[in-house]
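Engineer: Listed here are the chains, written in short residue letters.
Number of protein chains: 2
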Amino acid sequence: MASATSATTPAVRVQPGTPLRLADIDPDNNAPFDHKKKVEKRLDELRDQLSDLQEKLYAEHRQSVLLVFQAMDTGGKDGTIRNLLTGVNPAGVEVAAFKQPSAEELNHDFLWRIHQHTPGRGHIGVFNRSHYEDVLVTRVHGLIEPFTWQQRYQDIVNFEQLLTHGGTRVLKFFLHISKEEQAKRLQARLDNPKKRWKYEPGDLKERQLWDAYQVAYQEALAATSTPACPWYVIPANDKHARDQAVAEIVVAALAEMNPQPPAATFDVAAQVIA
Amino acid sequence: MASATSATTPAVRVQPGTPLRLADIDPDNNAPFDHKKKVEKRLDELRDQLSDLQEKLYAEHRQSVLLVFQAMDTGGKDGTIRNLLTGVNPAGVEVAAFKQPSAEELNHDFLWRIHQHTPGRGHIGVFNRSHYEDVLVTRVHGLIEPFTWQQRYQDIVNFEQLLTHGGTRVLKFFLHISKEEQAKRLQARLDNPKKRWKYEPGDLKERQLWDAYQVAYQEALAATSTPACPWYVIPANDKHARDQAVAEIVVAALAEMNPQPPAATFDVAAQVIA
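In the order they appear, the protein sequences are chains A and B. Sequential numbering from 1 applies to the first sequence in our numbering. Sequential numbering from 1001 applies to the second sequence in our numbering.
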């Protein structure tokens, strides 16, 4: 089904084509990232490395990165993105948040609006929600048939392969919280006037569909995790452990991509700047 | 390799996955569309049918059509599009001409700029040149490796499948002229001041690569003609026969799609307009 990415992370890399059971992955698991002070120190290091790697990626102007974030409501997408990318040069980062599609977007295939937001060479693109909504929310609300979501799994795999061929590294994160943790976070949004803007009464209706969403997620993740474009399930009840788990994966992938600024195309020594 | 679409057309439908030899298809073949007067009469009928079908497609607002036109220089893309679609309500037709990609377009995968121009529900989209340039001109000029154009064939097939899943009928036309016919047409552009704007000295350099283009075309067509998204080779030395061959295929496809304006959602008889 799924395997830990290594002995030293709570993140679980979803294995292509094998069933996934989210109930078997503990959203509270934060070992070995369970020491808050150590995590904060390590996160500072990782952000520095990410900042350096992003600058090289930008200078190289050949490859790009796409980070996809999905989660149940309150799962921590906004916080994870903020904590990962604050400090990175925003000129090289494009964050796209996908809401309800517009009428014009609904007039086209479901990947049409997504494709417009894929990152250009040298950029890090971030999707806060994504094309996966079209096999999740539409399925759970009975708007599409099994035939359609199966077709879309294949369309998604093909689409991400196209991006990979074009030089984009695609990494996908499901921030995995428990139903109890969601209750706490929704209550906190209600109670805290500063957070209340994030709360909508409709959130409670979605919460009633929790089990259907878990089934839709585990099927979609198993069907669309590929060797080149893997899904990671990130236990996310502990926000610090969540942030480190994501950052470790992103930094390792960028380090492996090894972006190299181009060599000078002129004789450096001959340039006399008077 | 390829088979005539029926006994009554010079058009050749390219069979998926079997080699194609363009040299075996006579660009002069215009039988049985070799009677100019009859062709003109039939073209008028076909345009009327197309106009009716387009209005139904627009009213139905569920399906769409994408027509892809490729040809060697002077092959007749502009003329075919004009002769097919003049008379159809332009509100339901979108023609996109793809030239040299911009810097921003080159920063993304080769289908990024193409996807933005795919037709929305109810529309007929027309590509004057297309994503196929990225396995033709780039190949002939040695800008990509065999590995890359093979990868792109697969990306193209997947992309057109996505469009098909989204309700778009994709029809692709290669307007097939002879090298001698191109010489005549280039000369006519040079000689006729009204046509001279279409001539560029660079056209002669491309003409020298004629054979390489024919090889690139026949491979690309064979690799990307599918049952759902077929390629048609249209003998195109005779412009009238070419126009009828294309129009017959487009009208037949639209008739098969059978677009149906939606039924009234209200009681028609109860509407009293005072």
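One or more of the hints may lead you astray.
So these bits of chain B aren't anywhere near chain A, every CB distance computed over 10 Å [to be verified]: (1) 1032; (2) 1122; (3) 1140; (4) 1155; (5) 1167; (6) 1239; (7) 1240; (8) 1253.
Reference listing, derived: stretches of chain A covered by chain B, where coverage requires no fewer than 3 residues with Cβ under 8 Å from a Cβ of chain B [said to hold, decoys possible]: (9) 25-31; (10) 101-110; (11) 251-265.
Honestly, the hints are just simulated from the structure, not real lab data. Ideal placement from N, C-alpha and C gives every residue a C-beta, glycine not left out.
Engineer: Would you assess whether residue 1240 of chain B, listed as outside the interface, keeps its beta-carbon beyond 10 Å of every beta-carbon in chain A?
Structural biologist: Check passes; 35 Å lies beyond 10 Å.
Engineer: Please confirm whether residue 1122 of chain B is truly not at the interface, meaning its C-beta sits more than 10 Å away from all C-beta atoms of chain A.
Structural biologist: violated (8 Å)
Engineer: Determine whether the non-interface label on residue 1155 of chain B survives the test: each CB of chain A must be over 10 Å from its CB.
Structural biologist: Nearest chain A Cβ is 5 Å from residue 1155 of chain B, so the label is violated.
Engineer: Please count how many residues of the region 251-265 of chain A have a CB within 8 Å of a CB from chain B and say whether that reaches 3.
Structural biologist: violated (count 0)
Engineer: At 10 Å, judged by beta carbons, does residue 1140 of chain B keep clear of chain A as stated?
Structural biologist: Given that every Cβ of chain A is farther than 10 Å from that of residue 1140 of chain B, nearest at about 20 Å, it holds.
Engineer: Does residue 1167 of chain B sit more than 10 Å from chain A, CB to CB?
Structural biologist: violated (8 Å)
Engineer: Minimum C-beta separation from residue 1253 of chain B to chain A exceeding 10 Å: can you confirm that?
Structural biologist: At about 19 Å from chain A, residue 1253 of chain B clears the 10 Å cut-off, so the statement holds.
Engineer: Beyond 10 Å from every chain A Cβ: check whether that's true for residue 1032 of chain B.
Structural biologist: Residue 1032 of chain B is indeed farther than 10 Å from all Cβ atoms of chain A, at 38 Å.
Engineer: Three or more residues of the region 25-31 of chain A near chain B by CB distance under 8 Å?
Structural biologist: Result for this restraint: violated, n = 0.
Engineer: Counting residues of the region 101-110 of chain A that have a beta-carbon nearer than 8 Å to any beta-carbon of chain B, does the count reach 3?
Structural biologist: Per the Cβ count (5), the hint holds.
Engineer: Is residue 1239 of chain B truly not at the interface, in the sense that its beta carbon sits beyond 10 Å from all beta carbons of chain A?
Structural biologist: holds (34 Å)
Hints 2, 4, 5, 9 and 11, counting from the list given before, are not met by this structure.
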